[in-house]
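Undergrad: Letter by letter, the chains look like this.
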Amino acid sequence: MSTDDVVISLREIHKYYGDGEIRLHVLKGINLDVKRGEFIAITGASGSGKSTLLNLLGCLDRPTSGEFILAGRDVAKLNDDELSTIRNEEIGFIFQSFNLISALNVLDNVQVPLLYGPHVTSTKTARCRELLASVQLDHRLDHKPPQLSGGERQRVAIARALVNEPVMLLADEPTGNLDTKTGDQVLELIERLHAEGRTIVMITHDPEVAMRAERTVNMRDGLMFDVERP
Amino acid sequence: MIRSKQIELIRLGVTNLLGYPLRTFLTTLGVVFGVGSVIAMLALGAGAEQEILEEIGRLGIQNVIVNSVKPPETNKGNEQRSWISQYGITFTDFKQIKSTVPGLKSVIPVHMSRKQAWFGSKKVETTIYAVQPEYMSLFDLRTAMGRDLTGVDGAELARVCVLRAGLLKSLGIFGDPIGLTIQLGEDQAYEIIGILEDDKFRGYAREALAIDSSNSEIYVPYQTILGRHGTRSISRSSGTFEATDIELSQIVIEVTDLDNVLIVARMLERIFAINHEDRDYDIVVPLEALAQRRKTQQVFNMALVAIASISLLVGGIGIANIMLATVTERTKEIGIRRALGAKRHHILAQFLTETTTISTLGGVLGILLGLGLVQVLIFFTGWTAKITFNSIALSLSISMAVGIVSGIFPARRAAYLDPISALRHE
Ligand SMILES: Nc1ncnc2c1ncn2[C@@H]1O[C@H](COP(=O)(O)OP(=O)(O)OP(=O)(O)O)[C@@H](O)[C@H]1O
Ligand SMILES: [Mg+2]
Chain A
1 MSTDDVVISL
11 REIHKYYGDG
21 EIRLHVLKGI
31 NLDVKRGEFI
41 AITGASGSGK
51 STLLNLLGCL
61 DRPTSGEFIL
71 AGRDVAKLND
81 DELSTIRNEE
91 IGFIFQSFNL
101 ISALNVLDNV
111 QVPLLYGPHV
121 TSTKTARCRE
131 LLASVQLDHR
141 LDHKPPQLSG
151 GERQRVAIAR
161 ALVNEPVMLL
171 ADEPTGNLDT
181 KTGDQVLELI
191 ERLHAEGRTI
201 VMITHDPEVA
211 MRAERTVNMR
221 DGLMFDVERP
Chain B
1 MIRSKQIELI
11 RLGVTNLLGY
21 PLRTFLTTLG
31 VVFGVGSVIA
41 MLALGAGAEQ
51 EILEEIGRLG
61 IQNVIVNSVK
71 PPETNKGNEQ
81 RSWISQYGIT
91 FTDFKQIKST
101 VPGLKSVIPV
111 HMSRKQAWFG
121 SKKVETTIYA
131 VQPEYMSLFD
141 LRTAMGRDLT
151 GVDGAELARV
161 CVLRAGLLKS
171 LGIFGDPIGL
181 TIQLGEDQAY
191 EIIGILEDDK
201 FRGYAREALA
211 IDSSNSEIYV
221 PYQTILGRHG
231 TRSISRSSGT
241 FEATDIELSQ
251 IVIEVTDLDN
261 VLIVARMLER
271 IFAINHEDRD
281 YDIVVPLEAL
291 AQRRKTQQVF
301 NMALVAIASI
311 SLLVGGIGIA
321 NIMLATVTER
331 TKEIGIRRAL
341 GAKRHHILAQ
351 FLTETTTIST
361 LGGVLGILLG
371 LGLVQVLIFF
381 TGWTAKITFN
391 SIALSLSISM
401 AVGIVSGIFP
411 ARRAAYLDPI
421 SALRHE
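First to last, the protein sequences are chains A and B.
Counting from 1, position 139 in the first sequence corresponds to residue 139 in the working numbering; the numbering is continuous, with no gaps.
Counting from 1, position 261 in the second sequence corresponds to residue 261 in the working numbering; the numbering is continuous, with no gaps.
Since the hints were made in silico from the structure, they are not lab data.
Certain hints may be false.
Below, simulated DSS-like cross-link-like pairs (lysine-lysine); rule was C-alpha separation at most 30 Å, straight line [claimed, not checked]:
hint, chain 1, residue 1, chain 2, residue 2
1, B, Lys-332, A, Lys-144
2, A, Lys-181, A, Lys-144
3, B, Lys-169, A, Lys-77
4, B, Lys-123, B, Lys-105
5, B, Lys-386, A, Lys-35
6, A, Lys-28, B, Lys-332
7, B, Lys-169, B, Lys-123
8, A, Lys-124, A, Lys-144
9, A, Lys-124, B, Lys-332
10, B, Lys-105, B, Lys-295
11, A, Lys-28, A, Lys-77
12, A, Lys-144, A, Lys-35
13, B, Lys-105, B, Lys-70
14, A, Lys-77, B, Lys-332
15, B, Lys-169, B, Lys-122
16, B, Lys-95, B, Lys-122
17, A, Lys-181, B, Lys-332
18, B, Lys-70, B, Lys-123
19, B, Lys-70, B, Lys-95
20, A, Lys-124, B, Lys-343
21, B, Lys-343, A, Lys-144
22, B, Lys-295, B, Lys-169
23, A, Lys-35, A, Lys-77
24, B, Lys-105, B, Lys-95
All values derive from a computational prediction rather than experimental measurement.
Take these sequences, add in the hints, and give me the full structure.
TA: Set out below in structure tokens:
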């Protein structure tokens with residue numbers, strides 16, 4: 001395996017929250033390599049640090065110590081603007097609670113990442129509509145998030161995550177707030193994106209959902225363990 | 001088509017503001033009233049300045065006017081005092097000015113006397129101005145009815161007069177006045193040849209020309225008075241008796257070149273200082289007065305605007321306050337935007353765009369309010385007000401600046417929120 005193929009490389013990552021008495025040691029030395037195009041599931045009990053880890057991977061947060069190499073760059077050496085650019089261009093986020101902006105309609109929500117990219121071109125705005133069409137929401141462009149069902153909201157969020165054609169998708173319990181059927185639709189969408197060549201890291205507490213990934217890791221007490229597949 | 005992100009940012013900002021129309025409107029109010037009063041103050045200030053300009057401009061900035069004034073009572077011991085008080089500008093002064101001061105276009109003598117005017121049994125206290133035709137044209141005293149005084153009237157020592165329209169009523173003349181005869185002073189009959197419109201001199205100009213406010217001037221040919229009556233004047237009113245002998249009540253000096261006005265004024269001061277021991281004269285230089293008055297007015301205007309700006313300040317604080325609340329309320333949204341790649345300056349720009357949009361909107365409404373306010377003020381007070389393009393441009397830029405300044409603190413707070421805690425905010 002050449003190092004080029006490793007998109008994410010974590011070495012002895014530690015993360016603490018808070019200070020003094022309430023200082024919380026959440027990640028206690030995580031090591032992980034994710035290959036380009038890999039689809040990996042992270043499982044673990046509530047509070048085990050899954051979201052904390054995903055936020056680090058998404059450059060939303062920084063580890064307290066340890067080395068994080070993202071596509072060849074040492075993240076610790078990047079400044080806030082550079083991290084923002086990475087989030088904008090290379091990473092697509094999908095959240096458990098969708099995180100749409102309720103004041104904006106569906107189309108504007110999907111266009112938000114464009115505002116922070118290099119420039120807004122008509123091809124890009126056209127792409128927003130195509131993406132919404134591909135998640136069967138092209139007839140709801142003018143609706144605001146509160147008017148949509150959970151599954152519909154998550155599909156908007158997925159379309160938004162894909163606007164800038166990221167190489168990596170980070171999903172934090174994407175089906176957590178959905179029933180089995182709509183959850184399944186969302187998972188099929190994610191599998192399709194994986195088939196298109198994207199690297200996907202997905203958090204789930206559901207072992208069955210985790211089985212849709214190529215590989216599963218489990219988090220326990222701030223540490224990470226590989227899970228044997230049957 | 002490439003739609004610029006700036007436009008998109010503004011569009012989204014406006015979308016956000018329109019989401020809460022009432023709140024947005026209330027937030028603008030401070031700026032609306034602030035800008036409204038600034039506009040009104042600027043308009044009144046500009047109006048007052050224009051009034052000064054018109055008032056003093058009427059005197060002609062190329063003219064210098066010298067008036068005879070009664071000197072302060074001097075205690076010259078037992079020196080026997082004549083029963084006629086003698087003071088003021090003399091014919092000698094007049095001749096000396098004409099012959100020694102260069103660069104003058106004209107030197108116009110004026111003699112004034114208080115006299116009673118009679119028409120039938122009606123009697124009115126008036127001031128008789130013995131003037132040359134040049135005086136009338138210099139100060140734009142054109143007759144609205146009848147004809148102007150001419151050089152021929154003077155040469156013939158004609159007993160003709162031009163009077164203020166206001167006098168007609170007090171004299172009980174209601175029909176066509178032209179050709180009627182009135183009695184001036186000691187039973188001298190004068191024919192009315194022209195009527196001047198009512199008072200056109202205001203404030204400073206009236207004072208400078210020694211015109212009282214009763215609007216009762218009667219203009220007669222200079223030579224007629226000098227030739228027929230001389231310079232002595234006796235006025236009786238309610239038991240008091242006053243006799244004066246003032247050779248010239250006033251001299252109007254017209255300077256050919258504007259650049260020389262101040263030099264001429266200094267020369268006149270020297271001539272009079274030498275010729276007159278008492279300060280029985282007063283030299284009026286409209287050019288100087290104009291500069292002085294404008295300066296005073298401008299300081300006053302600035303004070304007015306500064307006071308009006310206080311409400312702008314309050315408006316700005318209002319915007320900052322609401323924006324701080326909005327930032328807290330929209331913490332989650334800020335987190336989402338950061339997660340999607342917004343840099344700090346994007347968040348900063350977003351909130352600044354919103355505050356600037358609010359304050360500019362307030363500015364536009366404020367300008368409309370100010371325009372209305374000015375109309376109302378003009379209607380009820382009759383003041384002069386002048387709305388200038390500059391005042392509108394100034395108000396608009398001030399209101400935009402208020403938006404930026406009041407937005408900076410909340411916007412910075414939003415931009416420096418930690419993305420993760422913002423995202424976790426409920
Ligand atoms: N910003 C923070 N400040 C303080 N403590 C935090 C913060 N974020 C997370 N934690 C704590 O870190 C621990 C791990 O949180 P995290 O959200 O990563 O758990 P998780 O594995 O995603 O749980 P869940 O499955 O419930 O989502 C928790 O105990 C949480 O309370
Ligand atoms: Mg979590």
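Undergrad: What are the numbers of the hints the structure violates, in ascending order?
TA: 3, 4, 5, 12, 16 and 22
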